[in-house]
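Colleague: Given next are the chains, with one letter for each unit.
Number of protein chains: 2
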Amino acid sequence: MAVGEHIWPVMHPIAGLTLGTASAGVKYAGRTDIVVMAIAEGAAVSGVFTQNAFCAAPVIVGRNHLSAGDIRYFLINSGNANACTGERGLADAESCCQAVATLGDIEARQVVPFSTGVIGEYLPVPKIVNALPAAMSSLSVNGWDAAAKAIMTTDTRPKGASVQFEHDGEVISVTGIAKGAGMIRPNMATMLAYIATDAVVAQPLLDDMVKRAADQSFNRISIDGDTSTNDSCLLVATGQAGLPMLSDPAGELYDKLMAAVTDVHRQLALGIVRDGEGASKCISVAVTQGGNKEECLKVAYAIAHSPLVKTALFASDPNWGRIICAVGYAGVRALDTQKVNVYLDDVCIVRAGQRAQEYTEEQGQAVVDQAEFSVRVELGRGHSSDEVWTTDLSHDYVTINAEYRS
Amino acid sequence: MAVGEHIWPVMHPIAGLTLGTASAGVKYAGRTDIVVMAIAEGAAVSGVFTQNAFCAAPVIVGRNHLSAGDIRYFLINSGNANACTGERGLADAESCCQAVATLGDIEARQVVPFSTGVIGEYLPVPKIVNALPAAMSSLSVNGWDAAAKAIMTTDTRPKGASVQFEHDGEVISVTGIAKGAGMIRPNMATMLAYIATDAVVAQPLLDDMVKRAADQSFNRISIDGDTSTNDSCLLVATGQAGLPMLSDPAGELYDKLMAAVTDVHRQLALGIVRDGEGASKCISVAVTQGGNKEECLKVAYAIAHSPLVKTALFASDPNWGRIICAVGYAGVRALDTQKVNVYLDDVCIVRAGQRAQEYTEEQGQAVVDQAEFSVRVELGRGHSSDEVWTTDLSHDYVTINAEYRS
Numbered sequence: 001m002a003v004g005e006h007i008w009p010v011m012h013p014i015a016g017l018t019l020g021t022a023s024a025g026v027k028y029a030g031r032t033d034i035v036v037m038a039i040a041e042g043a044a045v046s047g048v049f050t051q052n053a054f055c056a057a058p059v060i061v062g063r064n065h066l067s068a069g070d071i072r073y074f075l076i077n078s079g080n081a082n083a084c085t086g087e088r089g090l091a092d093a094e095s096c097c098q099a100v101a102t103l104g105d106i107e108a109r110q111v112v113p114f115s116t117g118v119i120g121e122y123l124p125v126p127k128i129v130n131a132l133p134a135a136m137s138s139l140s141v142n143g144w145d146a147a148a149k150a151i152m153t154t155d156t157r158p159k160g161a162s163v164q165f166e167h168d169g170e171v172i173s174v175t176g177i178a179k180g181a182g183m184i185r186p187n188m189a190t191m192l193a194y195i196a197t198d199a200v201v202a203q204p205l206l207d208d209m210v211k212r213a214a215d216q217s218f219n220r221i222s223i224d225g226d227t228s229t230n231d232s233c234l235l236v237a238t239g240q241a242g243l244p245m246l247s248d249p250a251g252e253l254y255d256k257l258m259a260a261v262t263d264v265h266r267q268l269a270l271g272i273v274r275d276g277e278g279a280s281k282c283i284s285v286a287v288t289q290g291g292n293k294e295e296c297l298k299v300a301y302a303i304a305h306s307p308l309v310k311t312a313l314f315a316s317d318p319n320w321g322r323i324i325c326a327v328g329y330a331g332v333r334a335l336d337t338q339k340v341n342v343y344l345d346d347v348c349i350v351r352a353g354q355r356a357q358e359y360t361e362e363q364g365q366a367v368v369d370q371a372e373f374s375v376r377v378e379l380g381r382g383h384s385s386d387e388v389w390t391t392d393l394s395h396d397y398v399t400i401n402a403e404y405r406s
Numbered sequence: 001m002a003v004g005e006h007i008w009p010v011m012h013p014i015a016g017l018t019l020g021t022a023s024a025g026v027k028y029a030g031r032t033d034i035v036v037m038a039i040a041e042g043a044a045v046s047g048v049f050t051q052n053a054f055c056a057a058p059v060i061v062g063r064n065h066l067s068a069g070d071i072r073y074f075l076i077n078s079g080n081a082n083a084c085t086g087e088r089g090l091a092d093a094e095s096c097c098q099a100v101a102t103l104g105d106i107e108a109r110q111v112v113p114f115s116t117g118v119i120g121e122y123l124p125v126p127k128i129v130n131a132l133p134a135a136m137s138s139l140s141v142n143g144w145d146a147a148a149k150a151i152m153t154t155d156t157r158p159k160g161a162s163v164q165f166e167h168d169g170e171v172i173s174v175t176g177i178a179k180g181a182g183m184i185r186p187n188m189a190t191m192l193a194y195i196a197t198d199a200v201v202a203q204p205l206l207d208d209m210v211k212r213a214a215d216q217s218f219n220r221i222s223i224d225g226d227t228s229t230n231d232s233c234l235l236v237a238t239g240q241a242g243l244p245m246l247s248d249p250a251g252e253l254y255d256k257l258m259a260a261v262t263d264v265h266r267q268l269a270l271g272i273v274r275d276g277e278g279a280s281k282c283i284s285v286a287v288t289q290g291g292n293k294e295e296c297l298k299v300a301y302a303i304a305h306s307p308l309v310k311t312a313l314f315a316s317d318p319n320w321g322r323i324i325c326a327v328g329y330a331g332v333r334a335l336d337t338q339k340v341n342v343y344l345d346d347v348c349i350v351r352a353g354q355r356a357q358e359y360t361e362e363q364g365q366a367v368v369d370q371a372e373f374s375v376r377v378e379l380g381r382g383h384s385s386d387e388v389w390t391t392d393l394s395h396d397y398v399t400i401n402a403e404y405r406s
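Here the protein sequences come in this chain order: A and B.
No gaps in the numbering here: position 394 of the first sequence is 394 in this note's numbering, and each next residue is one more.
No gaps in the numbering here: position 340 of the second sequence is 340 in this note's numbering, and each next residue is one more.
Covered stretches of chain A (chain B as the covering partner; in silico rule of three or more C-beta atoms under 8 Å from a C-beta of chain B): (1) 52 to 59; (2) 84 to 93; (3) 118 to 126; (4) 317 to 325; (5) 331 to 337.
Partial chain B-side listing against chain A, Cβ under 8 Å, derived: (6) C84; (7) T85; (8) G120; (9) T311; (10) F314; (11) A315; (12) G321; (13) L335; (14) Q354; (15) R355; (16) H395; (17) V398; (18) N401.
Derived by calculation from the structure, the hints in this document are not laboratory data.
Quick reminder that beta carbons are idealized off the backbone N, C-alpha and C, glycines included.
Given only the sequences and the hints, what does the whole structure look like? Please build it.
Modeller: Set out below in structure tokens:
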């Protein structure tokens, strides 16, 4: 079960980046489970990684390789997270990088490894190494679709997004894929995302762009630091478009590119929410009129994390009492409850801290019967606002997570 | 569904405190839903209340009355929380107090009101007032059982606890009841608790005792401030035992009384956990070897709040990966993951940050197949420890909270 129709977008190829897949049998036989992405020489590559203290072996190795620059390959496997595997896990990740390097005639430090799947089991390195030639031989600029499928674990759908814009007569593309099927606070539901553009971007600016874009997307579906062992988000600028190099966060080209990159990140993040484990609804929680961003986020997360709000929304019950209760314990200092208003889409359900006089349950019901809607809270304290996305909490969530051995 | 057998304890009467119940039809016809507790003159009464910004009308009125002292009655109704009801809610709570005062020939400020149930609907004051004479005429020192039932909402069982100890040849009793059916973070699942002793305790010391006892019990099943609109915990010392007045937190009598009071609080809090909505397991999460109490609690709550850990425990799946993932994102600064050990009861599942070599899933399975067990985390950072209690997350939780209109 997932929210809404699944429409796979047109994935614009990114010159300078090819993708190949293969079946290694990491966990299941007969499904594609490894992806190789080959990146042309001269590209800039930036990433943000999990803040979990138990970060996985590939994250440690990948961060290290990335810091030296000159990255030429990504290697991703699903089915095994190579997390909590100690020294051997690090050696296994390095071995996989070396195998790619040998085939690609580069050095192991030019490969960034990624893993997602079961925690605490050793990576079946020989299986992965044996499947590499098949993955390498299938490298194609049109490999995005196959790659999006190969990185899935509990996902019910592949996630892809792709946009284009024009600048000085040149068409620039931004294309990305992601995996993850988390409700908010994905915890163990590892999120991986790979976004690429053919724009020409200086490394320091790209580092900044991936942080900003992740903050407005993936970090709005989980709380800071509340991440899995393997979460990673990578941004590649192949530099193959016929444009000057961008190095400052200013100007028309930067604005267009940042907007496109953020758009792709947000589409992918929303794709993860819509594919939330057992999700039947995708809900935006927006908090406005806050004294600062921090308190807006506190309130938004209190609502988004409340199992009681989430089960009420699964039941399509517009239970405003549970929503304001979450507002009340979110920890906003000296909150004047008589200034708080709550809306479901445009229907005011709470005004001045009490049930709105004109509100009828039928109005609320009509909103929450939709697959996607918003909960909006006005705090009456200032001009800050923020927004997070979440899902309902359903029977299917319990079933999936009680059965899946992650 | 609730965890374990339900055994109703012998409830020792407390001299100077009588309880009466009646059916007012607040929400449902034909069930007892109001309780009057009559407190003898000269008793000391202390309470701790919800920290939710949207606290209910009876909490505002009750805190105010309590601050003036000389309390003679508690009035409790189930079925309606009188929360988010504005000025009218305050007036309604005062009207109920006045009705008790008239019958008891005291003043309205000597009555503390409590409500639990649906939020945002006005209290049916006439129904309650009409039922008061029946409640007053049933006042009895043996009314604890009936009162425990009358305050229930989504509870599947009444909760009671009672202990006695001897001091200088005198038998002292501590008896209490509670309602609440929260999983951890009860949010809307209002918790009410009433504990009484015949010991003679000075008001300032009693104020201190209820805070300490609540902190070691009800505050270990929810996070600070993460409380419902109506949560209240009251401690009464009727002073009818033939003992000198206690006014200092020291000495043998104080130690015995504090232990007994804390014991009753903890039994009631565990009763709430065991009756957690849809709970099939009651789990103690203990964190030891922490650098300080705060980080121990952070880790304990990260585990106890994780929906992925909770669904795994519902499935009786000893999923150590999800547990250490929660440890990893709990926000402990500079955590050395190689010093972390995790146990299920006495079975070591993680040693030095990795799956314990000798661990088999059968061992873990045997532990988590039990209705009650412990998850214990050693952080390897110091000598602090703390413990919280939680439940699993089951299909029944979703069903109950999707259907109950709170």
